[in-house]
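Asker: Kindly produce the complete structure, drawing on both the sequences and the hints.
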Amino acid sequence: MSTVSIRPARADDSESIARVVKESWLATNRRFLPDDSASAVMHGDRLAEITAMHWQSIWVAVFDSAVVGAVAANDQGHMWMLYVLPDHQGLGIGSALYTAAIDNMRKSGTRKAMLEVLAANESAVAFYRTRGWVPEGRRTEHIPGFRFTAVRMGLTLA
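Numbering (my numbering), first residue to last: 1 to 158.
What the hints contain is simulated information worked out from the structure, not anything from laboratory work.
Here the structure is a predicted model, which means the values were calculated and not measured.
Any given hint could be a false lead.
Said to hold, decoys possible - For each label pair, taking beta carbons as the anchor points, the in silico distance ranges come out as:
# : residue 1 : residue 2 : range
1 : R106      : F146      : 34 to 42 angstroms
2 : A120      : G90       : 31 to 39 angstroms
3 : T99       : S65       : 17 to 25 angstroms
4 : T140      : T3        : 39 to 47 angstroms
5 : I6        : R147      : 30 to 38 angstroms
6 : A27       : S95       : 15 to 23 angstroms
7 : P86       : S65       : 14 to 22 angstroms
8 : D87       : T140      : 28 to 36 angstroms
No residue lacks a Cβ here, since even glycine has one placed at the ideal position from N, Cα and C.
Answerer: As structure tokens, this is what we get:
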């Protein structure tokens with residue numbers, strides 16, 4: 001039986017991370033956004049470029065030698081992604097990634113964490129609320145052909 005391991009990302013993980021982000025983001029958010037808008041946001045080449053630049057702040061979940069999830073959080077307390085491939089969701093992988101990110105922020109002396117999530121994504125908002133995150137504001141964002149609201153959430157770590 002295979003197990004999931006959580007480890008810091010490596011530079012050569014960037015394409016795998018981009019695939020995880022794109023597939024899980026589209027599966028989760030397509031119901032909130034028009035198809036062409038969702039696809040425009042999740043352009044594969046751009047994602048690979050972003051993850052290649054920021055891989056040092058990313059942790060990955062590996063199952064059967066494949067990256068199946070990723071979380072990014074820096075030592076300034078900004079958690080800017082937490083994604084698990086749709087067929088691996090509900091197995092505790094997201095929680096394990098989340099714990100790794102929070103533990104890493106605490107070890108680096110971060111006193112407060114922050115993130116943003118689509119307001120319409122009630123399950124994500126609930127995931128964070130049950131872990132102590134508190135809504136601190138909202139902002140409206142425009143992407144090609146669509147306007148959406150994001151909830152800014154904070155968590156005291158120290």
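Asker: Does each hint fit the structure? Answer for all of them.
Answerer: The hints, checked one at a time:
| no. | hint | in the structure |
| --- | --- | --- |
| 1 | R106 to F146: 34 to 42 angstroms | holds (36 angstroms) |
| 2 | A120 to G90: 31 to 39 angstroms | violated (20 angstroms) |
| 3 | T99 to S65: 17 to 25 angstroms | holds (22 angstroms) |
| 4 | T140 to T3: 39 to 47 angstroms | holds (42 angstroms) |
| 5 | I6 to R147: 30 to 38 angstroms | holds (36 angstroms) |
| 6 | A27 to S95: 15 to 23 angstroms | holds (18 angstroms) |
| 7 | P86 to S65: 14 to 22 angstroms | holds (19 angstroms) |
| 8 | D87 to T140: 28 to 36 angstroms | holds (33 angstroms) |
Checked against the numbered hints above, the structure violates only hint 2.
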